[in-house]
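Bring the two chains, given one by one in their own frames, into a single complex with the hints.
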Amino acid sequence: MLLLSILPLFFCSVLAIRSDGGSSFAEELSLTPLPNGHLHTNFNFNITSSEFASQSNSSSIISNFNIFPNSLINLLSQTNTKNLSIRFTSGYWNSESWGKLPHDGHTSGGNGLELWAKIEASSKEEAFTNWRFLVNSLSGFFCASLNFIDETITTFPEYSFGNTHDQGIYLLRAALPREPICTENLTPIIKLLPTKGRAGISSLLDGHKLFDSKWVSTSIDLNTIDSHNSQEDSIYYKLVINLNNVFNVPMSLSKIKRPLPKPIPGEELNCDYDKFYDAYHCFPSNVYNEGLSFDLDKIFGRKLKIDEKIGDSKICAYVNKTANGELIPENEKQNWELQGVLSSQNKETGHLLFAYAGLDENNCYSIPNKPEKREEFDYKLELKNSYNNIRISDEDKPKIYVSRSITGYELDKGGFRIVFKNPGDEDIDLIYFESLPWYLRLYLNSLKIVQKSLDQQDTVNNEEIIKDISYVTAIDRQRPAKLEMVMKIPKQSIITVTYSFDKSLLLYSEYPPDANHGFELESAVVTLIKYQESTSTSEPKEFDPYYVLRTSTLLVSLPTPDFSMPYNVIILTSTIMALIFGTVFNLLIKRIISEEDYEKLLEQAPKKNLQYFIALLKSKVKSTFQKSKKD
Amino acid sequence: MVKGYAFVLALGLALELIMTILFPSFSGFLDSAVEFSTPVTSWRSIEEGIFLLKHNIDPYDGGVVYHPPVLIKLFSQVKDLFGTNTTSWRIASGLIFQIADILTSIELIQISKKFLREYKNPKQGTYTVLIAIFYTFNPIKILSVLSNSSIIFSNLFIASTLYSMVVLENVALAAASLAMGTYLSYNPCFLLFPFIGMVINLKNHLSPCSSIIKSISVALIPFIATFTGLLYCSYIINNNNWNFLMATYGTNIFFTKINPNLGLWWYFFIEIFEFFSKFFIGVFNIYNLVYILPLTIRFQNSKFSNLQINNKYLIFPFVLSYGFVVLTKAYPTLNDLGFICQLLLLLVFQNDLKILKFLRYPIVSILLVIHAVILSPIFYYLWIFSGSGNSNFFYAINLVYSLGLGFMLIDFIWSYLSLEYLFEKNNGKEVDYDAKLRLTQI
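Which chain is which? The protein sequence lines are A and H, in order.
Using the numbering used here, you'd call the opening residue of the first sequence number 1 and step up by one each time.
Using the numbering used here, you'd call the opening residue of the second sequence number 632 and step up by one each time.
These aren't lab readings, by the way, just hints derived from the structure by calculation.
Bear in mind that the values here come from a model prediction, so they are computed numbers and not experimental data.
We put the beta carbon where it would ideally sit given N, CA and C, even for glycine.
Warning: the hint list may mix true and false statements.
Claimed, not checked - With a Cα cut of at most 16 Å, we get these calculated EDC-like pairs of lysine to aspartate or glutamate:
#  : chain 1 : residue 1 : chain 2 : residue 2
1  : A       : 413       : A       : 502
2  : A       : 305       : A       : 510
3  : A       : 448       : A       : 425
4  : H       : 685       : A       : 212
5  : A       : 590       : H       : 1051
6  : A       : 82        : A       : 233
7  : A       : 305       : A       : 295
8  : A       : 399       : A       : 425
9  : H       : 988       : H       : 905
10 : H       : 685       : A       : 468
11 : H       : 754       : H       : 983
12 : A       : 413       : H       : 662
13 : H       : 1067      : A       : 596
14 : A       : 124       : A       : 151
15 : A       : 467       : A       : 429
16 : A       : 82        : A       : 120
17 : A       : 298       : A       : 206
18 : H       : 1056      : A       : 596
19 : A       : 491       : A       : 429
20 : A       : 238       : A       : 425
21 : A       : 488       : A       : 395
22 : A       : 257       : A       : 221
23 : H       : 985       : H       : 905
24 : H       : 943       : H       : 905
25 : H       : 1056      : A       : 429
26 : H       : 1067      : A       : 595
27 : H       : 1056      : A       : 597
As the list claims (entries may be wrong) - Here are some, though not all, of the chain A residues that point toward chain H, as calculated from beta-carbon distances under 8 Å:
#  : residue
28 : 236
29 : 406
30 : 450
31 : 453
32 : 464
33 : 468
34 : 558
35 : 562
Excised from the complex, chain H in its bound form (with noise of 0.2 Å):
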């Protein structure tokens, strides 16, 4: 059944290919829509970022270059492989985006093939095919893609870390991967300590009486030493200049380049009395880490994390943290949601499917979301394009989204702890899943 995968995701892969030499102009009309793009992850950025560096003028002096330098260098070496043919170039481009999201798919699949092996699914083949097809044929999934958003890149090494931490068990790699997706886009640096978490949870596994101290320096120290690592080749490339820091990790913390898009920080930040403006751009970065620890601690050392058959891999915290870190987080796309969607399918697996049982609104949850995805680009329109409608529209789609998709992280944590509940009760013998269960919390 490792055929079926491949091929839906062969096919995927295809159909993005054909998209991208067929419509010459989508991916560039994806690229200006505010759902897929942002000022820190536009394509078109990293093209400024590459024509910039040829004409020798300094890309983060200014400008709009918002990209980490080696993500610039990088593609500008590319670039340079295709001379002047753009359209071979448009495609080349386009590709490696699609390879980098095949990539994630596929290391994502692998980590719920393994979790579906360990419960023995008779149903794993077929599972593992329909998880292929959510992964490719998710219509949000396909339009990112083709978004060629560099978030992309970002994804793909969290979910690296996820697949090394999982599949491959190796520590330092899963660190150096974290370090990585650290490097693109800022935020997953707060999964650091669902990230160690993880580790010391594994390390205790492996070998129960291993120090939590040295548990915490073999996540750290590759972690550090791969993130200073790529700041010191960028300060290198950037011509021994730290000024890209503040254009890359500044933007995200200050919120300096207001723009609208699907989350909490923009209106607010326009609208906001001047006086108040860098008291709340704190409160609001603090907001964007304060679901981390909590979640990380709670789920740490329950009974339940200990006696569930994936036990050893503590993905629920850095599952969900990177959740509620796409909720606060100040320029969130759409590429977010669908790479959200993929991990909590794997949050699914891990529970055998029990975990939907619990949910206790899916369906509004749900709903919340895809009524926002649905209207958020038409009520930008009506803002934007037709001027019948004014930015409040547009921001009031902005809270239910933000509203749909915390309802949804929200599920999941209930959901959990009706299953960590149903567990500590029973001892982890067998539980009836199918009885009908009335729970409250004190």
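Extracted from the complex, chain A is given alone in its bound form (with noise of 0.2 Å):
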């Protein structure tokens, strides 16, 4: 009995090795050396499901797959979602002297948490609900705060996020900026794998290393697919998680080194000889003489791990081009290299797995197949002398650089200064997007936009730049403002782009713990596009975005009341409030007049001390006595 539940299990690994019925996974892990002793990884895994049939229920769809994640699924099903988007970033990506964003930026989000989806439904309405359903089943399942994705920051983007503007399906699309990405995201994005971190290059995932880096960004995308080649209206899915990261290689490694920050020993310091240099005097340097040598296991903290392997696995190093973009001759290859060894109780008896010369013509290596038996390996990268030259090829740099600014230093108003430079020779399409919370209270007329071109500045006419623009109001407590623009930016130029807002006050109980220390505001997203070239004059034009980046996360300060004033407040505004109303009443229903005939109706009246109401209460209880009596 026993055995007969066990053996389809055991024929489902093999259909999974075997990737028949379409689905497959792939997985691909690369190198890439930056400048100034930085290395950026890139984990990249790829899962296709196999193909099913549309209209098939979620139950008979999961039960075919086997290397698929079927959380996911369930979840989209039950959603009517399509794609999916998710990504997480902390860190700085500094384009300057790094170059383009990898994967074209496609890959990568603003700091925190970015999400957007496309939800096929009947209404706006139902596609918010099923979002709101789909952002609180995704919360549990990524341990981010996603359920605090609500109406207030949702947009509908018009041009950017790939809308596709079908009939029926609607991009939905939030972020949350402050949230911290740690750890605990990662290990859900590793349980989403077949290999659940245990074989191939996903073993190498430590969060505590991965997210003591400069630039973290993860991806998630998953999308559905129709295939057209076989039967009818038969669809799979596609997960493509992508983990990037910039590690500061001497940093990582000193990190191992001294794991208590001590000062460094002199002898080991890397000292800029070309500055003042004596016993006590060194200005560090990011020049390193003897390259940098150094294992794999140092900086990811783990070691590679072979086991019975699922579909592709690789490793590659992207080191093969020089400053000018041209690939590094045969001869000074060995000046980057990479190598595996078999690990062992004792590293120096190891043997030498692949050296730079196992790579193929991609610079990939394969991890083998069929390992003799469970191992584990340490890959060491070198970067010899070559490592002082990496330099970012005119071919990398990104074409156009943006940075968002807010200006003004008051508590009630301010204004966004946002700047696009264009080093490049060609005029440059793009879509910037922007979403804001509902508590800065845009006045878009006062948009200005001005270009500066070599020396001259002059203010341009805003529908030379802005081509079109698309705009949604906020309202307070309800909506975010969204703003998308389509641009053309000129060549070899800057455009400065101003345009102000009120801050608004929020109530009492609407701020957050630490109210002073700001709110934060998502990153505005810019979309380099392509026209397509069409014969039809049809507008809108139909575009092909080629390069995706994302401006910093901004703080901004709202103004606070005083957080420990509501009963003084009360009190007192309720006070004037009576004091001056009932002023007025009293004016209003009191007779007037003159001092004298107030005296003397004074002295006719009864004095009203206690004898005065002893006498009253007596005639009162007599009275009733009496009365009484007469019952």
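And the structure:
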């Protein structure tokens, strides 16, 4: 009986290995050295489900799956979600020195958490209900505060995020800029993989190291794809997970060497000898004369495990380009080495698995398919003199630099200043997307554009730069403001866009615990586009996005009331109100007389002393007593 | 002497115009000062409305526009005349506000002149010029005009109401003006009660046996007709959508935009526990209205009202009611204070300056208001700009301002009541106003 129940499982795993039925899994780790001792690592996982008829219900779909994560599919089919993209990002990608974002920015997000999805629904309201269900479920799934996504931060992008304007498909998007990204977000992602982090490159994923880097960006893209080759209406799912990191290698290595922050011994200092230098002075240098040599397990904190392999597994090293973008000549390749070492008790005796020569023409090494036994590998990345020569080729430089900042130091109003710098020789078309919380009241009529090219500076006509604008005003506590601008940035120029806003006061209870820290604004998304050359002159023109970048998040301080005041305010305001009303009412209903008359009246009236009240009381008692007697 | 006051007004207009031309950023600076600008009256909100209309975005679907559609539409039509010439548009728009303010002043001066004429005051001409100087060179007034606040139009129509009643004695026109004032800023609708009182009083004087129902209908029908007409126009202009009602009047009633201002509302509703918020919105709205009826009723049938020389025009409850509306409304500004001072001057001249003799503590209340007016920008600066003070500073000044304005109004009531006492005591015969009076109330 036991055997019978195990048998299908075994069968399944065999299927997985053979990638039958269209489902497949591929993983790739690519290592790209960046200038100044930085290393960019990218873990890429591609999971494709087997095809199935689009009409079939979710339980039958799931029973067909073996390597594809079932839990996600359930969620997608329950909420009619076609595409789902999640981005966890923290840190700053220095594009001035590191060049373009990996994957042309398509896999990186703004600081914090970003989420968008295409949901099939009959109405906007239904789409939103599904969206709420989706984010609440994903919140538990990824251990993130996605459940804070509500109508006050959800937008419906018009041009950005690959909106296709299909009938009945709604694109919803939200971001949580204040979300801290950490190890607990990593564990659920590893669980999505068929290898579960026990074999292949995912065995290198250790949260302690991954999140101790300069820039972390994790992307999850889940797409429903129509396949046209086989039966009608058959679809399959494609899940792409990317984990991008930028490590500062010397810093990572020194943390292992010196877990406690003790001063570095003099002989280990890497000094800049061009500057003043003696026994007491040392300017730190980024130049590593001896090159850098390190084991990958020092960076990742783990060794690569190889087990019964599922799908394709590769490690790639991309340093085949010099500063001019030419391929490194064959004789210089020795400066750049990736070695695999079978680890054993004593590393010295571990035998070399492959050296640079073992890489294929794409600079990749395929992890062996069938190891003799379960092994742990150690990879050594050696960057000799070449590490100092790593520069970003012109081709790898971003075409545009965008930065956004807040102007004004007052708490009740401010402005945005967005600078687009196009150093290239061609005009760039782009879409600027921005979603702002309702407590910033935008005055878009104050939008001004200043163009600065080479030496002259002048205000340009807005129409020349902004081709189209899609603006949705904010509603207090209900909807964020959404601004999308289709722009054209002229070549070799700096375009500065400014506009102003008022900051709203919130209610006492709406302020977060540390109100004076400020409120985080999510990053603006800039999508570079190329218009399709179509014969028809129909508007709007079709376009293809080719690069996406995001500005850094901003911190805005709102005016704060005194949080210790509620009772005082209620009392003081009410007192003033009552004082004025009481006086007015008194004046209006009383009769006015002169003081002499008043004194006369006072004399006539009985004196209201104690005897008077006793007499009054007596008469009352008497009257009631007499009454009861009569009865 | 007509030339005299016209000259003063022209001088004031020229001064304001020169300031608009010479200091382009000054009006923007005033427009962002909390003392002169609130979400419901600010000029930048009108400009945003024009911008949204131009881009075919519904200005009342959220956003920052709380002005009635007709106003926005009119301004956008005017702006179209100037095309892309921003400088001339800036000056022209400033000029529109300045002219509206001058018209307000002219109307109020005409009313004062009429009062002065009836008293056969020998110093009529001098007084007219003095009034004109007070109206035009009052620094609060100059600043509020330069701030391009839309409350100026509302004030113009309230002044027109009084002008139509007193000078023209045209009830229908007055009611229509009041309706336009109401349309522009909601709060003047409370003035309907004292206005009806005024109409009844006037009709009684013109034909003593006219029925009250007739007087009320004469006042109400033009008011309702104008107001509904304007609302319907707005509905048509706003693409057959009623959502502007919530954005314009709803904001005033439900106090949805909490912004620091000189009033009593804002800090209270920030600090109040959410659970009570709705209840207190109701309380504050009632408080806004609560002075109107007592004032109207108290002075409607008093003998004094029927005996004084200018007794045809019952403007005292009207002016005082508006004073209390300004004191208790959700979005008050210093513009309102300037206008109230103008209106109170009418009361002074209606009673041939005698009302000034019976003020109990004019120095205290005036100093309180001046103290608040001077300190409020300083305390706001400390809170918002330099961070060395907190919101309580500004709130304290709000309380002082309210107290000062409240005392000023209360003082006027007391003074008026004292006059009334004297009149009743002497049955309208000649009274010695200089005699020392010691009055009290029971």
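| field | List of violated hint numbers, smallest to largest | value | Numbers 2, 3, 4, 9, 20, 21, 22, 23, 24, 25, 28, 29, 30, 31, 32, 33, 34, in rising order.
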